[in-house]
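**Q** Chain by chain, the residues:
There are 2 protein chains.
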Amino acid sequence: MKPVKIGLLGLGTVGGGTVSVLTRNAEEIARRAGRGIIISHAAAKDYNRGLKGLDQIARITDDAYGVVNDPEVEIVVELIGGYKPALDLVMTAIANGKHVVTANKALIATHGNEIFAAAQKQGVTVAFEAAVAGGIPIIKALREGLAANQIEWAAGIINGTSNFILTEMKDKGRDFDDVLKEAQARGYAEADPTFDIEGVDAAHKLTILASIAFGIPLQFDKVYKEGITAIERQDVSYAAELGYNIKLLGITRKTANGIELRVHPTLIPEHRLIANVDGVMNAVLVKGDAVGPTLYYGAGAGAEPTASAVIADIIDVVRALTTDPGNRVPHLAFQPKSMSNIAILPMDEVQTGYYLRVHAVDKPGVLSDVTTILGDLGISIEAIIQKQPDEDATLVPVILLTQKVTEKNMNEAIRKIEALDSVSGKVRRIRVETLA
Amino acid sequence: MKPVKIGLLGLGTVGGGTVSVLTRNAEEIARRAGRGIIISHAAAKDYNRGLKGLDQIARITDDAYGVVNDPEVEIVVELIGGYKPALDLVMTAIANGKHVVTANKALIATHGNEIFAAAQKQGVTVAFEAAVAGGIPIIKALREGLAANQIEWAAGIINGTSNFILTEMKDKGRDFDDVLKEAQARGYAEADPTFDIEGVDAAHKLTILASIAFGIPLQFDKVYKEGITAIERQDVSYAAELGYNIKLLGITRKTANGIELRVHPTLIPEHRLIANVDGVMNAVLVKGDAVGPTLYYGAGAGAEPTASAVIADIIDVVRALTTDPGNRVPHLAFQPKSMSNIAILPMDEVQTGYYLRVHAVDKPGVLSDVTTILGDLGISIEAIIQKQPDEDATLVPVILLTQKVTEKNMNEAIRKIEALDSVSGKVRRIRVETLA
Chain A
287 MKPVKIGLLG LGTVGGGTVS VLTRNAEEIA RRAGRGIIIS HAAAKDYNRG
337 LKGLDQIARI TDDAYGVVND PEVEIVVELI GGYKPALDLV MTAIANGKHV
387 VTANKALIAT HGNEIFAAAQ KQGVTVAFEA AVAGGIPIIK ALREGLAANQ
437 IEWAAGIING TSNFILTEMK DKGRDFDDVL KEAQARGYAE ADPTFDIEGV
487 DAAHKLTILA SIAFGIPLQF DKVYKEGITA IERQDVSYAA ELGYNIKLLG
537 ITRKTANGIE LRVHPTLIPE HRLIANVDGV MNAVLVKGDA VGPTLYYGAG
587 AGAEPTASAV IADIIDVVRA LTTDPGNRVP HLAFQPKSMS NIAILPMDEV
637 QTGYYLRVHA VDKPGVLSDV TTILGDLGIS IEAIIQKQPD EDATLVPVIL
687 LTQKVTEKNM NEAIRKIEAL DSVSGKVRRI RVETLA
Chain B
287 MKPVKIGLLG LGTVGGGTVS VLTRNAEEIA RRAGRGIIIS HAAAKDYNRG
337 LKGLDQIARI TDDAYGVVND PEVEIVVELI GGYKPALDLV MTAIANGKHV
387 VTANKALIAT HGNEIFAAAQ KQGVTVAFEA AVAGGIPIIK ALREGLAANQ
437 IEWAAGIING TSNFILTEMK DKGRDFDDVL KEAQARGYAE ADPTFDIEGV
487 DAAHKLTILA SIAFGIPLQF DKVYKEGITA IERQDVSYAA ELGYNIKLLG
537 ITRKTANGIE LRVHPTLIPE HRLIANVDGV MNAVLVKGDA VGPTLYYGAG
587 AGAEPTASAV IADIIDVVRA LTTDPGNRVP HLAFQPKSMS NIAILPMDEV
637 QTGYYLRVHA VDKPGVLSDV TTILGDLGIS IEAIIQKQPD EDATLVPVIL
687 LTQKVTEKNM NEAIRKIEAL DSVSGKVRRI RVETLA
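Sequence lines, in order, name chains A and B.
Each residue of the first sequence is one higher than the one before, starting from 287 at the first, in the numbering used here.
Each residue of the second sequence is one higher than the one before, starting from 287 at the first, in the numbering used here.
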């Protein structure tokens with residue numbers, strides 16, 4: 287069979303990785319796919335950035351529309367990122383009857399519903415394995431490998447930058463700002479790290495995971511987002527004392543009242559496998575009713591890990607070229623007409639455990655004040671640590687772990703605790719998940 | 287579309303789980319697959335064992351051939367296990383043009399080559415996700431999710447019984463025999479546990495993993511097999527002292543001289559994620575050249591986890607019913623005409639690190655005797671621990687960790703060490719892998 291012709295949009299980090307892997311492993315890939323896959327066209331803003339040798343096999347241009355409109359191109363691979371011009375290019379490719387592979391999590395999380403509707407109408411596929419957790423084939427696992435299950439919940443370390451920072455804070459007792467600077471120097475964090483450390487990037491990926499887990503439309507705007515910027519070194523060390531590691535998790539869970547959709551720092555029991563996923567690595571833990579807990583671990587970013595996912599998608603699309611569209615794996619795991627409209631649970635209604643750090647003026651009675659407030663609101667305490675005051679300080683950190691309670695009740699409790707005369711400043715709150 | 291009709295062979299543990307999950311999650315599954323999947327026929331030796339309610343929907347018989355020969359049945363699901371009559375039933379189903387789903391690792395590992403050749407000829411699919419690591423979608427991950435990669439190696443905890451025993455030995459300092467009895471009582475181990483504890487079951491699964499990783503024919507007879515029966519409590523605790531956990535691993539690796547294919551107890555650095563996979567859980571670590579290390583974790587056995595994999599396969603087959611056979615994912619990941627004939631590396635040529643336990647007659651000079659032997663054979667020592675002799679004993683256990691060396695050289699060294707006057711009895715040897 288003739289090789290399949292790919293039109294590549296973007297020759298940055300992931301684009302370059304895709305060219306490298308497709309070239310290096312061309313034979314291995316053809317042995318699996320049953321036919322060759324070649325980049326026949328590539329578009330990059332500055333086409334001198336085209337990789338060495340690529341101009342020997344591909345027509346390189348700075349006009350991305352020239353690629354998506356070229357009748358020769360069978361599959362468009364969008365690796366530009368962002369919304370503009372990525373969205374319009376993808377929609378144009380679909381309108382032209384071309385299949386699309388993309389690594390663009392922001393695009394899928396915010397415009398996926400319209401993109402998939404258009405693709406469905408045109409009978410083409412839009413594949414996006416690389417959009418979540420880089421090289422880990424989590425989309426495939428969740429959408430196909432666990433297709434027999436009712437998914438109960440999924441929880442993932444899906445932002446490598448945040449995980450690197452939290453790992454360094456724990457292993458070396460370093461401060462957040464200090465590690466962030468190093469992460470930026472090492473290229474793990476962007477010059478503007480907001481998307482990573484404020485949970486936006488994780489929320490994009492969680493949005494996609496939740497849709498394919500539960501068959502609900504993509505609803506990025508409904509995700510509760512809390513990043514790691516407020517995590518202090520002492521929280522990491524108190525958590526460790528209590529037997530927990532702090533990780534930035536994206537969590538989605540189906541409850542009787544709606545679907546949870548939240549990104550926030552989370553205490554996880556240190557003996558859980560996912561609590562030991564360190565550095566820039568990613569992992570997603572998925573609980574299905576039949577299979578039980580399963581975990582998927584690997585590199586969540588980087589040129590070649592992401593290229594691994596992009597090319598796996600290309601191979602899948604190549605195999606589906608002759609398939610009746612109705613028999614393909616649906617974009618969001620469930621058939622479009624079988625999507626569910628279960629509501630997203632407001633954060634106020636979510637139930638979790640809590641880690642609280644309270645700064646008490648060191649006088650008798652403060653513990654009883656705090657525990658009375660919690661008790662009156664029906665909040666059970668699982669552990670308390672009262673630390674020694676700092677040498678020059680009169681404030682004593684009191685650390686509490688609570689059992690599960692609704693966020694609303696906890697907000698109320700925190701308001702009351704902060705109002706106590708015996709308590710100074712804000713209560714630091716981090717959510718706790720056992721992931722059992 | 288009309289529901290797909292399944293003919294189920296075997297109503298034991300996995301058969302029962304498959305009926306339960308298909309029934310309980312019928313709606314969820316149809317929402318994903320786009321059509322219903324129903325068990326229209328079921329065969330079991332004693333059909334009174336048929337599950338409650340199954341006789342309402344399926345024709346239950348004790349004649350398995352009646353099922354595989356029934357023109358109504360579209361997909362045959364073989365959950366009988368073993369070779370006879372499973373092999374003939376599968377071959378008959380294929381000859382009848384039916385697709386097959388099986389959880390039978392022994393059958394695939396030993397007869398897969400002929401089964402897949404027949405299926406290829408008939409244009410039907412034989413799916414076997416449940417044959418390796420139960421509910422973990424590792425076949426799909428390796429065959430499709432990592433299809434862009436040259437696989438460098440894979441290493442798996444793929445026998446839950448052995449892992450349960452080793453975990454108990456480590457966590458509770460118990461003896462092998464003691465834990466084995468408990469495992470049998472709890473149903474984690476068979477009355478005749480040979481297949482599990484001697485590495486045969488793991489070798490079946492490793493055979494399959496190696497084929498789809500490297501595109502080589504199934505070669506179960508070439509697997510080096512060593513079980514866990516010789517592991518003693520003190521080895522587990524000495525390993526821990528050195529920073530290692532002992533796991534029964536199936537390892538396959540592509541080297542310049544051939545493909546390693548081996549099952550044996552292995553010391554793994556305790557900070558590796560896979561070293562912390564405990565109890566009956568399974569995990570497979572796969573290293574691809576583009577993606578780097580990835581890990582897949584979950585339940586490796588049990589009624590519903592295995593059913594999860596069986597049903598995922600059924601859904602895949604349902605989707606492929608209308609696909610041109612040439613565009614389906616090949617049985618062993620690579621197109622049949624693109625299989626490789628790289629030889630399996632004889633165990634003598636394999637290179638690993640070693641843990642050695644030597645019982646020295648407590649006299650000066652023994653350490654120098656041993657290290658001289660190792661040094662003369664070019665074997666570097668990474669660590670030595672000399673223990674205190676037991677109260678009533680004059681023998682001192684000496685524990686050595688070596689760097690990588692070929693098995694042949696190590697065998698030679700062990701022969702020489704055992705011949706020393708200053709050494710008593712056999713040298714206990716366990717291989718070491720860093721899995722980096």
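Treat the hints with caution; some may be incorrect.
As the list makes no split between identical chains, a pair holds if one copy fits it or if it spans any two.
Here are the simulated DMTMM-like pairs of lysine to aspartate or glutamate, each with C-alpha atoms no more than 25 Å apart in a straight line [claimed, not checked]:
no., residue 1, residue 2
1, Lys673, Asp610
2, Lys623, Asp478
3, Lys540, Asp374
4, Lys511, Glu314
5, Lys291, Asp575
6, Lys649, Asp464
7, Lys623, Glu313
8, Lys511, Asp662
9, Lys467, Asp349
10, Lys288, Asp655
11, Lys649, Glu635
Hints listed in this document are in silico derivations from the structure and should not be mistaken for laboratory results.
**Q** All the hints need checking, so say for each whether the structure fits it.
**A** How the hints compare with the structure:
no.: 1; hint: Lys673 - Asp610; result: neither (65 Å within a copy, 68 Å between copies)
no.: 2; hint: Lys623 - Asp478; result: neither (40 Å within a copy, 51 Å between copies)
no.: 3; hint: Lys540 - Asp374; result: neither (34 Å within a copy, 44 Å between copies)
no.: 4; hint: Lys511 - Glu314; result: neither (41 Å within a copy, 29 Å between copies)
no.: 5; hint: Lys291 - Asp575; result: between (41 Å within a copy, 24 Å between copies)
no.: 6; hint: Lys649 - Asp464; result: neither (34 Å within a copy, 54 Å between copies)
no.: 7; hint: Lys623 - Glu313; result: between (40 Å within a copy, 13 Å between copies)
no.: 8; hint: Lys511 - Asp662; result: neither (29 Å within a copy, 62 Å between copies)
no.: 9; hint: Lys467 - Asp349; result: neither (36 Å within a copy, 70 Å between copies)
no.: 10; hint: Lys288 - Asp655; result: neither (76 Å within a copy, 65 Å between copies)
no.: 11; hint: Lys649 - Glu635; result: neither (35 Å within a copy, 71 Å between copies)
When each numbered hint is compared with the structure, violations occur for hints 1, 2, 3, 4, 6, 8, 9, 10, 11.
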